[in-house]
Each structure stands twice: as structure tokens, then as C-alpha cells.
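Asks: If you read the sequences in order, they're chains A and B.
Each residue of the first sequence is one higher than the one before, counting from 451 in my numbering.
Each residue of the second sequence is one higher than the one before, counting from 5 in my numbering.
Take these hints with a grain of salt, some might be off.
Stated by the list, open to error - DSS-like, lysine-lysine: derived pairs with alpha carbons at most 27 Å apart:
no.	chain 1	residue 1	chain 2	residue 2
1	B	10	B	175
2	A	542	B	20
3	B	175	A	534
4	B	94	B	27
Said to hold, decoys possible - Here are some, though not all, of the chain A residues that point toward chain B, as calculated from beta-carbon distances under 7 Å:
no.	residue
5	462
6	528
7	585
8	639
It is worth saying that the hints were derived from the structure and are not from the lab.
For clarity, every value in this text was computed on a predicted model and none was experimentally measured.
The beta carbon of each residue, even a glycine, is placed where N, CA and C say it ideally should be.
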Amino acid sequence: MSGILNSSIGRKFAMALSALFLMFFILQHFAINILSVFSPDLFNEVSHFMGTNPLVQFALQPVLIFGVVFHFVMGFILEIKNTKARQISYAKNNGAANSTWMSRNMIWSGGFILVFLIIHFIDFWIPELNVKYVQGDMSGQLPNGDFRYYEELVHKFVPIWRVALYCLGFVFLSLHLLHGFDSAFQSVGANNKYTRGIKGLGKAYAILIPLGFIFIAVFHHFNH
Amino acid sequence: MNLTLKIWRQKNANDKGKMVDYKINDVSPDMSFLEMLDVLNDQLINEGDEPVAFDHDCREGICGMCSLYINGEAHGPDRGITTCQLHMRKFKDGDTIYIEPFRAKAFPVIKDLVVDRSAFDRIQHAGGFISVNTSGNTIDANAIPVNKHDADDAFSAATCIGCGACVATCKNSSAMLFVGAKVSQFALLPQGKVEATDRVLNMVKQMDDEGFGNCTNTGACEVECPKGISLENIARMNSEYIKASLKG
Chain A
451 MSGILNSSIG RKFAMALSAL FLMFFILQHF AINILSVFSP DLFNEVSHFM GTNPLVQFAL
511 QPVLIFGVVF HFVMGFILEI KNTKARQISY AKNNGAANST WMSRNMIWSG GFILVFLIIH
571 FIDFWIPELN VKYVQGDMSG QLPNGDFRYY EELVHKFVPI WRVALYCLGF VFLSLHLLHG
631 FDSAFQSVGA NNKYTRGIKG LGKAYAILIP LGFIFIAVFH HFNH
Chain B
5 MNLTLKIWRQ KNANDKGKMV DYKINDVSPD MSFLEMLDVL NDQLINEGDE PVAFDHDCRE
65 GICGMCSLYI NGEAHGPDRG ITTCQLHMRK FKDGDTIYIE PFRAKAFPVI KDLVVDRSAF
125 DRIQHAGGFI SVNTSGNTID ANAIPVNKHD ADDAFSAATC IGCGACVATC KNSSAMLFVG
185 AKVSQFALLP QGKVEATDRV LNMVKQMDDE GFGNCTNTGA CEVECPKGIS LENIARMNSE
245 YIKASLKG
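Take the sequences, apply the hints, and build the full model.
Replies: Encoded structure:
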């Protein structure tokens, strides 16, 4: 087993596992966020639970951070290695003849998602850490005693530029997932009678989940 | 047909190389692509120029020797064929055709369009075989039952001719379709299962040592493969490799 992460297949396998983990995280993130559209109270309660539960905060959150960092770092490492594997480019290359744009440009869609993620962290995650762990306010409440989560979410989506930025970020997420979803299954060795179903599920996931996030941002922009 | 050819010319492995334009007239649509290059070379020799070096052998799509990246695709714009099976009727009068060698760090150019694909041989030497006892008591292969599905998949994998189109096509210069096919053709059969663990570990190690890139599942290799080798073989190699690594 030694050196498995130094092998091409081992790295690809690890990349796929982190991708599957992140896709599961995005699904649960969406499931919580969509509550803000249907039930602000429930959204507040679930957000407070996720934001203050020690298991979520000190066990799952570090795993998530590791998963995100690992996926990006390994993605860039593999890209550098792959670029080195062809030192002279073709004078004419017709990539569109045999593969999708999404599959050939994962590094670009991934790069834009990274930019979006940094903005998202500055926007939501770092202020959240500041309130809870710097200021020490774990109540999750506004001065009037109401939960702050829904109010903060709606407030964030008032400026149109932020809504546009989030929509763009989710378009890139969709492009990334359109190849990434079934690619992850192929990388872990699952190419069998279920592959057609996985591809269909992947397309549905890659379109519906980002579209759902876009809907949430637009909904709150027009209903604040 | 009258054509303009843009061909990669490189004197030797150390030369920098460049694309050179050639005009060729009265090309028959019934010629194969290689025959068209033969005509060009006659023309160049008659003009006192150095003919274009290119790989070829059987010229019937079996040996995998002819390579060439034609108009941005390995073996040209047709599907399920090698370059020797590509015909000029696929092109139009007045076309400009780009002809380049297969590009990969692991396939260095020897001269013009000829590349060194011995990296594939070294991967095969690392494990692409079965050790058969030839003491005289060897069991007849046909005496060992194999289910039809596995036999068909193993046969399909074994049709890989090792031409290198997968590497040339892949944006990462990955050899995983080739290695996946070679691993699969043995892993699916009882005779191959005995050495399956060492085989996949050794072949993948050699593949990595040769400097091929990593597969990102674009599927381009499967589309351009003249023998239609399926991506299933890469998935099978991935799972074989992970199982073998965990086993030690």
C-alpha cells in the first residue's frame, strides 16, 4: 500500500473520493439553504444547530476543510503533471471532435469555483467564525432576540452584484459537475451496468443543484 | 484533388523541428492517406528534397505502426480506423491538412513524423503477460471454463494494437486506455488472475515512470481508438490497482 498516493491511479482515486464527499456536502448545503425559501424559522433552527453543534463544528467542519483544500491542491498538482506530459503542443488540435468542453476545462471551471469559494468564505464563513469564536457570541441571536441567520442571508442578497456573482459561481459549478459527477465514479472503478444511470443522475445533479442555489439567491433578492 | 499539406519536419531527436508547407496536386480520392504521403515523397525525392519520414508497416489496420495526428485528430477525421485505413475521399479539393507526429513526452520524436513508442513495450515487459508452465503437463486453455461475458470483454481488450492514439489524443498524454486494456485482458481470465496483483502494480508503476499523464476521463481516447477499446478497461484497472495496493 506504500506510495499509493504517489501513483497516478492512487491520486486519481483520492481525487474522486474527495469529489464524492464534496458533492454530498453540496447536497446537504442546498437542502439547508432551500429551507430559507419555505420556512425561515426552520432555516434558523437548522442553521443554529449546524453552527453550534460541537460534532459539526469540530469534527465534520475540519474534515470538510481538508476535503476542499485536498481537492483543489491535488487538482492543481495533477494539472501540472499532465501539462508536463506533453511538452510540445499540436499546431492543430480538434478536441471538440472527441470530448466535451467541460471535460477538457475542469481546471478552469475549478479555478473559477475556487475564486467564488474564497469570496463566499469572506462573505459568510469568516464573519461567522468572527461572531462565534472571536466575539464569543454563540447565541445566534440579534439584539431583539430573533435568530440572526435568515436576516443575514436575506441581507447578503440585496445587492444585485452579489446575486450576479453567485449565479456566475454556480454556472461554473454546474459546468464542473457535468463532467465531474460521473468522472468520479469512473475513477473509483465503477463502470458497469449502472453507468448509464449514474450519468443521468449526474446530469440531473449538475443542473438542478446549482439551479436551486441560483433560485435561492434570486428569490431573496426580489423578496427582501 | 489539389491539397496543401502542413507537415512537421524534424531532422533528428535533437532538432527543434518546424511545420513546413507542401503543395500536392492530382491526388486521387481513392488513395489511402499513406499512399498520398508516398506520392509526396516521390515528388520530394524528384525535387532533390529529403522525403518525409513516417511510420507504417502492414497497411491493413492490424499492426498499429502508422501513427500521425491529422487535422487535430489521431489517425485523422474518421472513426475506428488507423491512418493506413484513412482515404483521401475524407478530404476536399483545396483543403489544407495538418500532419503532425503523436505528441507526448513519453513518445519522443525520432525524425519528422516518426516517434519512439517503446515506452509501451517497457510497460508490457513490466507485467503484460502470463507465466505458463511448459513442462509438458500444461492444461489446455479450453479446458478451463470462462463465462461468456468475461471472455468477450477479455477479447475486446486484447484487440488493442498498441498504436498510441489514446496517448496522442488525450489532453494529458495519458496511457491509461492502453494499460487498462492490457491489464483487463488478463485480469478477466483465470490464467491471468494468478499474477493479477503484481501485474497491475508493476504495469502502472512503469506507466508512471515513463512520464505519461493522468487520466481525467474526457473519453477522447475511446472515441479515437481504432479498435474501440472501452473506458470500462480504465475503470477495471483502477479497481484492480486499488485492490492490489490494499493487498500489498
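Asks: Each hint needs a verdict: does it hold in this structure or not?
Replies: Each hint tested on the structure:
| no. | hint | verdict |
| --- | --- | --- |
| 1 | B/10 / B/175 | holds (22 Å) |
| 2 | A/542 / B/20 | holds (18 Å) |
| 3 | B/175 / A/534 | holds (11 Å) |
| 4 | B/94 / B/27 | holds (18 Å) |
| 5 | 462 | holds (6 Å) |
| 6 | 528 | holds (5 Å) |
| 7 | 585 | violated (44 Å) |
| 8 | 639 | holds (3 Å) |
In terms of the numbered hints stated before, the structure departs from hint 7 and from no other.
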